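Using the hints provided, position chain B relative to the given structure of chain A.
Going down the list, the protein sequences come from chains A and B.
For the first sequence, position 130 matches number 130 in full-length UniProt numbering, and the numbering has no gaps at all.
For the second sequence, position 172 matches number 172 in full-length UniProt numbering, and the numbering has no gaps at all.
What the hints contain is simulated information worked out from the structure, not anything from laboratory work.
All figures in this text were calculated on a predicted structure; none of them were measured in a lab.
Watch out, some of these pointers could steer you wrong.
When chains are identical, the list treats them as one kind, so a pair holds in a single copy or across two.
Derived DSS-like pairs: lysine-lysine, alpha-carbon spacing no greater than 27 Å straight-line [stated by the list, open to error]:
1. K105 - K69
2. K153 - K25
3. K13 - K25
4. K155 - K13
5. K105 - K28
6. K13 - K28
7. K104 - K13
8. K13 - K24
9. K24 - K69
10. K244 - K155
One letter stands for each residue in the lines below.
There are 2 protein chains.
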Amino acid sequence: MLYVIGLGLGDEKDITLRGLEAIKKCSKVYMEAYTSLLSFGITSDGLSTLEMFYGKPIIVADREMVEEKADNMLFEAQVSDVAFLVVGDPFGATTHSDLVVRAKKLGVDVKVVHNASVMNAIGVCGLQLYRYGETVSIPFFTDTWRPDSFYEKIKRNRTLGLHTLCLLDHFGLDIRVKEPTLESLCRGKKVYEPPRFMTINTAIEQLLEVEQNHMESVYNEDTTCVGMARIGCEDQVIVAGPMKQLLTIDFGPPLHCLVIVGDTHPVEEEMLEFYTGSK
Amino acid sequence: MLYVIGLGLGDEKDITLRGLEAIKKCSKVYMEAYTSLLSFGITSDGLSTLEMFYGKPIIVADREMVEEKADNMLFEAQVSDVAFLVVGDPFGATTHSDLVVRAKKLGVDVKVVHNASVMNAIGVCGLQLYRYGETVSIPFFTDTWRPDSFYEKIKRNRTLGLHTLCLLDHFGLDIRVKEPTLESLCRGKKVYEPPRFMTINTAIEQLLEVEQNHMESVYNEDTTCVGMARIGCEDQVIVAGPMKQLLTIDFGPPLHCLVIVGDTHPVEEEMLEFYTGSK
Chain A
1 MLYVIGLGLG
11 DEKDITLRGL
21 EAIKKCSKVY
31 MEAYTSLLSF
41 GITSDGLSTL
51 EMFYGKPIIV
61 ADREMVEEKA
71 DNMLFEAQVS
81 DVAFLVVGDP
91 FGATTHSDLV
101 VRAKKLGVDV
111 KVVHNASVMN
121 AIGVCGLQLY
131 RYGETVSIPF
141 FTDTWRPDSF
151 YEKIKRNRTL
161 GLHTLCLLDH
171 FGLDIRVKEP
181 TLESLCRGKK
191 VYEPPRFMTI
201 NTAIEQLLEV
211 EQNHMESVYN
221 EDTTCVGMAR
231 IGCEDQVIVA
241 GPMKQLLTID
251 FGPPLHCLVI
261 VGDTHPVEEE
271 MLEFYTGSK
Chain B
1 MLYVIGLGLG
11 DEKDITLRGL
21 EAIKKCSKVY
31 MEAYTSLLSF
41 GITSDGLSTL
51 EMFYGKPIIV
61 ADREMVEEKA
71 DNMLFEAQVS
81 DVAFLVVGDP
91 FGATTHSDLV
101 VRAKKLGVDV
111 KVVHNASVMN
121 AIGVCGLQLY
131 RYGETVSIPF
141 FTDTWRPDSF
151 YEKIKRNRTL
161 GLHTLCLLDH
171 FGLDIRVKEP
181 TLESLCRGKK
191 VYEPPRFMTI
201 NTAIEQLLEV
211 EQNHMESVYN
221 EDTTCVGMAR
231 IGCEDQVIVA
241 GPMKQLLTID
251 FGPPLHCLVI
261 VGDTHPVEEE
271 MLEFYTGSK
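The following block holds chain A by itself, in its conformation from the complex:
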């Protein structure tokens, strides 16, 4: 059996009892990414907080492993219980459908243990989930690569008065591999880019740049948005206000996301008031 277990958004205590019970009985425990493991902290013994908490070692299954070497994990799951841990929900913003498809093709039974993910926890800001349109992703602009297909999607959502969740680009040690240099090829090892995550500020700068290029008045610096950092964590920060105001705020460590607010109902407005920058 392969248990695909969502860990939720905060710390080690955001796992469900069902998820913890599954981990306890599994012979091996994998986790989706090295940076995810680190985000839960390291104890003074050098062990990860999660390993201490579960009383078991965790095998890091970085992006390469998931894509190329997952079969070993799945072969193990054919003969014993194996857990694969995922931050948030297994089918949240980052989906693990490909792993589930591969498991099912190998005849491995899969059980999913759900949890909160950014896709539903954003409800905490008071904007109702059923009034969101299509979700967009904002990628890091480079000098030569400035894709803006999100603009058209935001336009459609705003025409309909719907809210737009903007997921902001981020990648850890495990996700993006630099273009191999001659040196790294000679040494036969991959060189990873340092982890990066997009702040709400950068996202707004890019959004305003794209609006300036297209000039279709989809939004502007006075458009109300909600910036949310470390949602679901003890130190989450939620601020509602016009883009130009959110630009000036330091939201702190990752992860960040941004909602562009559509038409609002009275209860939504009352909730947003609690998060306006003035308070």
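Quick look at chain B alone, frame taken from chain A:
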């Protein structure tokens, strides 16, 4: 402190450790609805499974209480720790923003403990959450009341190739009060309608009726949908297929929901294949 705690979608083991710890230290524990409490089961002693599990009594806060008598609960929360339990996530399909707004106005600190809700757990069928458009609600049609504003929303989503989550009408003993009869007024008590929930079959019948009335070819009986019953529970049922096929399937007890499938990517298609009626 008022803790608003999501219980997730399955049984008592779907609460998070964080949620359970909060309940343990609260002086009083409220729950949003009588039918929600019952859905977790009753022990042979006549206690609810949840009360046994927590070792505490649970005070049922039915819809009336939440709207009219919540202030008592909030006054308690001003001087001690109080838990308010919600099936799914506190800000999922049914939002509890109004309670949070009232709490904040009274100066009561609020902590939200997130969990899975139908709004993100539907990801398990393999359709990616960021490719959903606006969510629609399908209300029970009566002889005289057949509202179909969902049709226009589904049309927009389908024009854009997006998936549509249809939330299906349901109400328990606690939610809908019958129009008072002369008799009930004389006796001074309210008469409740029996609990009802809409099946996937009824939803599809209503959808096809509305299509016949509007004739805008938004969907038809060959349109691929995914019917999902008791999502996140041990006995969940997920079947993908054309509307006419899903019409013939008995999905069993509540709750049901339905997704009208938009344009699909290859990985989405592979996942849906596992759920096609033929398998």
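Checked hints:
Taking the closest pair of Cα atoms, K105 and K69 come within 27 Å of each other only inside a single copy of the chain (15 Å); across copies the shortest separation is 54 Å, beyond that limit. Within a single copy, K153 and K25 get their C-alpha atoms no closer than 44 Å, and across copies no closer than 46 Å, so neither meets the 27 Å cut-off. Taking identical chains as interchangeable, the C-alpha atoms of K13 and K25 lie at most 27 Å apart whether they share a chain (18 Å) or sit on different chains (15 Å). In this assembly of identical chains, K155 and K13 lie within 27 Å of each other by CA distance neither inside one copy nor across copies; the values are 39 Å within and 42 Å between.
Taking identical chains as interchangeable, the C-alpha atoms of K105 and K28 lie at most 27 Å apart only when both belong to the same chain, with a minimum of 21 Å there against 49 Å between chains. Taking the shortest Cα distances, K13 and K28 sit within 27 Å of each other both inside one copy (20 Å) and across copies (22 Å). For a Cα distance limit of 27 Å, the shortest separation of K104 from K13 across copies, 26 Å, qualifies, whereas the shortest one inside one copy, 30 Å, does not. In this assembly of identical chains, the alpha carbons of K13 and K24 lie at most 27 Å apart whether taken from the same copy (15 Å) or from different copies (14 Å).
For a Cα distance limit of 27 Å, the shortest separation of K24 from K69 inside one copy, 24 Å, qualifies, whereas the shortest one across copies, 43 Å, does not. For the homomeric pair K244 and K155, the shortest alpha-carbon distance inside one copy (19 Å) is at most 27 Å, but the shortest distance between copies (35 Å) is not.
The structure shown violates the earlier hints numbered 2, 4.
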